[in-house]
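As you go down the protein sequences, you meet chains A, B and C in turn.
Our numbering puts the first residue of the first sequence at -6, with every later residue one more than the last.
Our numbering puts the first residue of the second sequence at -16, with every later residue one more than the last.
Our numbering puts the first residue of the third sequence at 8, with every later residue one more than the last.
Where hints are given, some of them may not hold.
As the list claims (entries may be wrong) - A few chain A residues that face chain C, going by a derived Cβ cut-off under 8 Å, partial list only: (1) L296; (2) S447; (3) K450; (4) K459.
What the hints assert, rightly or not - The calculated label-pair distances, taken between Cβ atoms and stated as ranges, are: (5) C:Y140 / A:D89: 46 to 56 Å; (6) C:N71 / A:D441: 20 to 30 Å; (7) A:G308 / C:R70: 25 to 35 Å; (8) C:E34 / A:P298: 14 to 24 Å; (9) C:Q138 / A:Y512: 18 to 28 Å; (10) B:N49 / A:P298: 36 to 46 Å; (11) A:T516 / C:Q138: 35 to 45 Å.
No lab work stands behind these hints, which were simulated from the structure alone.
The beta-carbon is built from N, C-alpha and C at its ideal position, and this holds for glycine as well.
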Amino acid sequence: MSRYSMHILVCGGTGCKSSDSDILVEKLKKELDKQGLGETVQVIMTGCFGFCEKGPIVKVMPDNTFYTQVKPSDAEEIVEEHIVKGRKIDHLLYTDPETSKHITDSNRMGFYKKQMRIALRNCGFIDPERIDEYIARDGYMALGKVLSEQTPEETIALMKSSGLRGRGGAGFPVGLKWEFARNNVSDKKYVVCNADEGDPGAFMDRSILEGDPHSVLEAMAIIGYCIGADEGYIYIRAEYPLAIARLKTALNQAREYGLLGKDIMGSGFNFDIGLKYGAGAFVCGEETALIHSMEGERGEPTLKPPFPAESGYLGKPTNVNNVETLANVAPILLKGAEWFSSIGTEKSKGTKVFALAGQINNVGLIEVPMGTTLREVIFEIGGGIKDGKKFKAVQTGGPSGGCLTEKHLDTPIDYENLVENGSMMGSGGMIVMDEDDCMVSIAKYYLDFTVEESCGKCAPCRIGNKRLHELLERICEGKGETADLDRLRNLGEVIKDTSLCGLGQSSPNPVLSTLDNFYDEYTSHVHDKKCAAGVCKDLMEYFILEEHCVGCTACARACPVGAISGERKELHVVNPDTCIKCGACLEKCKFDAVILK
Amino acid sequence: MNKIKSLSDLKKIREEQNRSIELRSKGEAAEKLVQVKVAMATCGIASGAKETMEFLMDSLEKRGVNAVVTQTGCMGYCYAEPTIEVTMPGKEPVVFGNVNTQKADEIIEKYIKGGALVDGIIPVNYETIQTKE
Amino acid sequence: MDHIKLLIDGKTVEVPKGTTVYKAAKEVGIDIPVLCYMDLHDLNIENKPGGCRICSVEIEGRRNLAPSCSTNVSEGMVVKTNSMRVINARRTVMELILSDHPKECLTCAKSGNCDLQDMAIKLGIRDIPGQEYAEMSTYRLDTSPSIIREMDKCIMCRRCETMCNDFQTVGALNAVNRGFNAVVAPAFEMNLEHSPCTYCGQCVAVCPTGALTEVDHTANVIQALSDPNKTVVVQTAPAVRAALGEEFGMEPGTRVTGKMVSALKNLGFDYVFDTDFAADLTIMEEGTELLDRLSRHLDGDKDVQLPILTSCCPGWVNFFEYHFPEMKDIPSTARSPQQMFGSIAKTYFAEKIGVKREEMVVVSIMPCLAKKYECQRDEFSVDGNPDVDFSISTRELAHLIKQANLDLSTMTDSEFDSPLGESSGAAVIFGATGGVIEAATRTAYELQTGKTLESVDFKQLRGLEGIRSATVDFDGLEIKIGIAHGLGNARKLLEEIKAGRSEFHAIEIMACPGGCIGGGGQPLHHGNSDILKARTRAIYEEDEAKTLRKSHENPYIIKLYEEFLDQPMSEKAHKLLHTHYFERKRKVFEV
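One chain only, chain A, in its complex shape (with noise of 0.2 Å):
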């Protein structure tokens, strides 16, 4: 084996791939090459670093360099300057958005220092095409000691104090589900890895299953073991090509090293694993829908109980985890449950991944203790708020979570916490609005999703939805009524009171949570047909401004409808009444005269 003296790791996840990071790897190979360094500098294709916003990410190892934004045409300035003569690349380097300085060394990125990795702990740092890389770093040696060393009970025991809850949606403790499924007599079990991830703005499962692989087969493995079970499934939606390619990969390796298989590492334990591929409903997320899809039914979930751990896949006791509940399974079993419940809070024990997005600086992400505070996620590690804009809400929980504001910033990240402030955890989406952003508008989004996405099977969900979004609808458009916020608030309730599963029980949260804090923008909109962000056109006027306005007529011309009226050199006027909010007026005018209000 040559001895590499640098590594150079480039970001081969789904986003940056399709910013052309394969590409690049291939760039600096070659580069390699032609400076006779191919033999001592190894470039690696990882997993996704999580800092998203700034992707291509290249990190140069042993010296912790941290390049974003990396083009395949950087490629021979990084190996000339960088590998060659030792000079790190400035314009490539990330600028510190506070001091504006350049920062060489990760560690001591903001976007990094809070961050605690035990899920994303191999993402962005090996090789996931290669299971040596993950073997290396420690990987299957919890099966292998569990094989070897544990009862599943002893197992089991372990994850329940552990205090390890599904990171999926709902919290539920692992190790309890486990025992479910352990406790359930039958001749056949199975065991299915939840990868329908569908939340929009989330992708940490998608992110772990194609930078760190193994460890999802791994704990699926472990769970075999632990429940009885000799049969897993990954249900992954089919939009994940790059995840399932990679799986594959994986997949083939464990078996040609037999840690997946007949008699694994000796132990007589067989366990073996299969893909099933979702066509992208986001209620194939909830288990019961996931088993019918998985069966070839129509993906639609059914009541509970009977729980998958009574009768699932097939009819028969089935566990479901989703992928980043499993990536935690095997650190917990090698370092203990005392050193995981030591971390996160009293009741939410360990790290959670969250996917930043919506106006903040740094998107991607990041994984921290639980019990973070929202502050520090959106301030320090995501950087604050885009353009120095202000900080209005955090929309937590996916579609349907509800949006926390200002006061709730210094709440302690964890299930309990943000249930009770009327949103939720759901599989860790984070979207951060700004002062530019509508509530009500917010709401109607959310709801679009929903309405698209609910599976029609129960009536308030179905229905309940549509009407919701219609009524948003109505009051973005200032045809709002006062009744219309009791229905609202009324309609909301019930949908989540009597909906079947999980889905519609939450799907009003977003309108809910925004009555709740920002009641206000709703009655503006509803009595002074006025949208304050500016951002619901129909309640908008177009409007010039004496002051400013020289009376060229540039307006009036540009006019479909002819609703400016006014004599060369005077002040012109908006007819609202005409006027079809085009905004070809305000395009047209020089001298910031018309403006929208």
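Using the hints provided, position chains B and C relative to the given structure of chain A.
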């Protein structure tokens, strides 16, 4: 690929493979480790920097020093190649010139392990990007 | 069995473990409203998707409301079915459902017989907030020979799906699309006509709204009746007389044969005949065919197909033509009674009364919707003139009678006309599951053994079990008989035959639960299986009341063979009374 038939098989592979990622792991915790940079530009290589580097890598490992050895570009001391820069945890980097394997051996024993200075130190007369911060 | 004690609206209830809250509440006289839920418990048919949420109740300690139809009781549970929270939720959900349902009640086929309408009345809904700007889901109207799908009226109760998939295993109807656009439809939303639908009509029988209805032929019948140049002949299927009374407020199980005949005569039919006559004829043909195949089999003929399957049920014929085309040689070639009747009416009887074929209109009153399709099949017409012109359901007959200002309940009894009105008790029991095979046994036994049956009641062939079997001793020869009702049950027997594991000599199959008495054209049972049992009882009472109990003793049948057909399975009988089957093509993309 040979099948892994037991936990000890797995451990063996882990030990073997650990080298492939060691550099990265060390890089993550570089501040707590001895960092050795070998100037590997054309002049350095011509003066034997490759042998120096291999010697450093092997010897440090054999002598149980937790160090991260990497290459860097030309340091500008062409008159004193091969040059290496050694950074002890928490200390300022020190550059040594004319480091052949014999000198390297001395640096390991005296400076890195013993903390005593050895001959051949080149005074720092340039700014690195890091120091600009 | 473990018992569980709980409190519902302050009343203590003790019920077996596994009971639902809905059923437990019933025990103490609390009638929680249900909409999508349907339980035909004697037939093992249950629909409880938990979709409508009308039956939601409050359970102490639970975060959200629970659907009582599908939530099991637990020890110490405290349930409230009428709290403000529940009432508000129920009303709001009902308003939501109605907000996406056309308000065409006045002209809807289901008006007055609609579960959704009843629920709106029960909950006292007077206004649907926001209706003026609420978007309604709209779908293409789909008309087939038997069934009309008007999915704008669908409330996604999924009952039709349960019948079509779980009970019938036909798989024509399934939920498609998502969210607000979700609807029950054939795959790719193709027309029912191009789907595997058998027209059994069980979807129509359970649909709580006007989304699924029969194709209405009453107008055609009225037109024929008012045409002075037409001789209109009517035939009534056995199951109709056991259910028609329900449409006029009579108790389920009331036999209205005589009143029905009076009503039909009042309506102006020229001849009121009985499909039962043709049922006797069917037994002659099918029974002979059975004995023929049986004796060839006993003689060692390897090519003979056994078991023989009955072929009276058009839903069943459609089923095997679509799903088991490779077995289309196994069923009897005998036409169904409806078609035998039409064939004889337009030949033998038309000749007898000197009416030309084109001048005769044959109307059938059937408990069945598949009969509408059956009478339109090409092989049952001569030069474009069908043997049976119009088939109308029991429900359509009730409408006709009501339109003619007649009150069935106060009518006096009349007798069927001659000669096609005479029938045996064996023909009557065609209306219930097991009846055809019992009738065939009565005749085949006597023909085979030459002996007279001591007792004609083969009780072992009766009942509501989905699949039943019995062995009848034909004087030393053991005849093994299988019976299935419901196409899902039929499928099981067919799979056995396919696998070469079937030990039956003869099998009777009926598509509908309980046989024809539970047909898709019958008065709606609204999920009450006691109604089906009452109709079955009426059928067997009618049989017992008859003096003639065996088909081959029907004097008019004997006369028909003497005068016209020669003997069973004769060449003429083959031409007029037998048929052949086709593989039904799958026209998936011809929408």
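Here is how each hint holds up against the structure:
For the restraint placing L296 (chain A) at the interface with chain C, the shortest Cβ-Cβ distance is roughly 5 Å, inside the 8 Å limit, so the hint holds. A hinted interface residue such as S447 (chain A) counts as satisfied when its beta carbon comes closer than 8 Å to some beta carbon of chain C; here the least separation is about 4 Å, so the hint holds. Interface hint status for K450 (chain A): upheld, as the beta-carbon distance to the closest one in chain C is roughly 5 Å, under 8 Å. Interface hint at K459 (chain A): satisfied, since its Cβ lies 5 Å from the closest Cβ of chain C, which is below the 8 Å cut-off.
In this structure the hint that Y140 (chain C) and D89 (chain A) lie 46 to 56 Å apart at CB holds, the actual value being about 52 Å. A hinted range of 20 to 30 Å for the beta carbons of N71 (chain C) and D441 (chain A) is consistent with their spacing of about 24 Å. At roughly 28 Å, the beta-carbon separation of G308 (chain A) and R70 (chain C) lies within the given 25 to 35 Å, and the hint holds. Judged by the Cβ atoms, the range 14 to 24 Å given for E34 (chain C) and P298 (chain A) holds: they are separated by roughly 22 Å.
Remark: the range hint 18 to 28 Å for Q138 (chain C) to Y512 (chain A) is upheld by a beta-carbon distance near 26 Å. Between N49 (chain B) and P298 (chain A) the Cβ separation comes to about 55 Å, which falls outside the hinted range of 36 to 46 Å. Taking 35 to 45 Å as the suggested C-beta distance range, the pair T516 (chain A) and Q138 (chain C) does not conform, at roughly 25 Å.
Comparing the model with each numbered hint stated earlier shows that hints 10 and 11 do not hold.
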